[in-house]
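Student: One letter stands for each residue in the lines below.
2 protein chains.
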Amino acid sequence: MEHGGDLISYEKYYKGKLIDYSSNINPLGPPRGLRNILANGFNNIQAYPDIKYRELKASISNYLKCKVENAVVGNGAVELIDSFTLLAKRVIVFIPSFSEYEKRATINGKKVIRIPYRDFNVDMGALENAIQNGDLLIIGNPNNPTGRRIDKIELLAIYNLIVSSKAYLLLDEAFFEFCPDSYDSIELFKKFKYENLGIIRAATKFFALPGIRLGYGCTSLTLAKKISEIQLPWSVNSHAELAGKYIFDNEKYIRESKEYINEERKYLYKELSKISRIKLFYTETNYFLIKLIDLNEEYVFDFFLKRGIVIRKCSSFIGLDNTYIRVAIKSREDNKRLIGVFRELEVAA
Amino acid sequence: MEHGGDLISYEKYYKGKLIDYSSNINPLGPPRGLRNILANGFNNIQAYPDIKYRELKASISNYLKCKVENAVVGNGAVELIDSFTLLAKRVIVFIPSFSEYEKRATINGKKVIRIPYRDFNVDMGALENAIQNGDLLIIGNPNNPTGRRIDKIELLAIYNLIVSSKAYLLLDEAFFEFCPDSYDSIELFKKFKYENLGIIRAATKFFALPGIRLGYGCTSLTLAKKISEIQLPWSVNSHAELAGKYIFDNEKYIRESKEYINEERKYLYKELSKISRIKLFYTETNYFLIKLIDLNEEYVFDFFLKRGIVIRKCSSFIGLDNTYIRVAIKSREDNKRLIGVFRELEVAA
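Chains as they are written, first to last, in my numbering: chain G, 1 to 349; chain V, 1 to 349.
Calculated from the structure, these hints are not laboratory results.
Do not take every clue at face value.
Copies of the same chain look alike in the list, so a pair counts if it fits in one copy or across any two.
Unchecked claim - Quick list of in silico lysine-lysine cross-link-like pairs, DSS-like style, CA-CA up to 27 Å:
#1 K190 <-> K245
#2 K336 <-> K111
#3 K225 <-> K313
#4 K111 <-> K226
#5 K65 <-> K252
#6 K313 <-> K52
#7 K65 <-> K89
#8 K103 <-> K226
#9 K17 <-> K245
#10 K12 <-> K52
#11 K193 <-> K65
#12 K52 <-> K15
#13 K245 <-> K15
#14 K245 <-> K12
#15 K89 <-> K110
#16 K225 <-> K103
#17 K111 <-> K225
#18 K89 <-> K226
#19 K52 <-> K245
#20 K110 <-> K65
#21 K103 <-> K89
#22 K110 <-> K225
#23 K17 <-> K52
Take the sequences, apply the hints, and build the full model.
Tutor: Here is the structure:
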């Protein structure tokens, strides 16, 4: 299991509809109104998307509060990650983190340097020792699967190191909007004009649109130009282009989604903290990393699957062994069911 | 102008709706019925596409008449072209041809060898001299912008050379269905199990879906596995996935589209042959390459633009100079208008 969300592979093991706790999607679903927008978008697919994505980038830059010249778009965040690795000499990743950082780097022929997190925090000493001219450091912010966002002061220190080393920093912020009361990296790095920096976000998680494939971000003028040059032409499809011109204006939806996740995070944290046999890690986003105290991921995965819930096994994350799982934060109804199964697990043989 | 279809860049120069003769799309539009299929597909974008594209590949293999294990899919044909170049040592292209062959190879760090077509035919001697172990030869079949398909016997000779050289052949057949009474490469190479061979097609042109981004193809078991491994996860979006499960079953639409294009090709060929100041090349597909006898592409482009038609300038094709243009084959009504403007051009200053 390299990625979550692959329910098709597990349907045969359960009679009934599976609940997906393996991918971390906003339980409120996409913004209301998008259905009609897309239903009227049939004409759009009969022409190529705008090869320069002029309107889409305008909409994104307005949402991110950056200049349109700094905006980049991709076929999901992962295409942008891929493009950044293609521009790098070597790629540095912290582990555990999203497997595609290392995978895209390797496919693109780049040497990968792994640095373990120290108690899920950045090891500055190790980073200072490792970093070289032309390196690309990729950090999940918040990081998947640990759920932690880097402290603002620490992030500025990392950025200083990056700039003085003539290296590059890529912040994968695909889960940014789920983080309550956190600083905004795009605002934070405005005065640096995003030099040697990329900040990536996506419609996938917060706007609940994993199928539409829309990633976007903000980077320096130089890097934005280079990224556009190396990307596949028309890599963002017309439906994603259309959605991207609509979703970001939904202030009410955005506020309600944040509040909803905030409530459910507190609720799940409180309830799951009571469960023995697991160690629950604190999270800033919409998923929990869990350490299994006396069980392994296979057993727990099967235990949940038999009860209609697909969780994420975590041994595929380099840096974690088979005693970790990850669960999303979903609707109250689903979360109650999840808690119920954890309670069953407590007393299982 | 690196690609056709970029109407947005020219809208300001013409009051009214531009007719796009710069991209080569089936004038009948997408299969009827697809609108409803996609309108009901809103739920699909709330989950990831199937990361293994099981149903989509089944549908494609059924249409192509190949085994499902031989099927590959991509974010447009261009993602598959990109993946094939990534697997190659060097890339050989004939010129003039689709610019992305060379571009993707270069971006992926591969050396590119250009061999000029001889009167738009493959120069076997030059190919024999150039080809080396591990090379990828990419051929448009039919080729863009020349409109020619390789003779079957010649193609088999090229394939023999490829196999004996331990090289690879990629046939870009994005325009295949427009070619009347031509052999089917997928049938032709079945007995060779597509070893060292890729055959790529797309929903873009024939199914009139440039915005949906669906490329697909057929290759050896070994290459199909490698391609899937190096592709971006979820690179084909849910709408494309949904469309691909529907469009290929429309036998009536497919037949009618072929007949329509066949009629219009004959009509346009007959009428444009009468125009002085241009040399019209014979085509097997849905676009014509045209040599301007005493004019250049800029003048002719502007001449058509002022009259509401966007044509394709061809100097961006390496191997052609600024005395070539390309025009699509569209509806009878549009084609009449195109012919009318060519007649105006005949008598222009």
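Student: Taking the earlier hints as the rules, which of them does this structure contradict?
Tutor: Numbers 2, 7, 20, in rising order.
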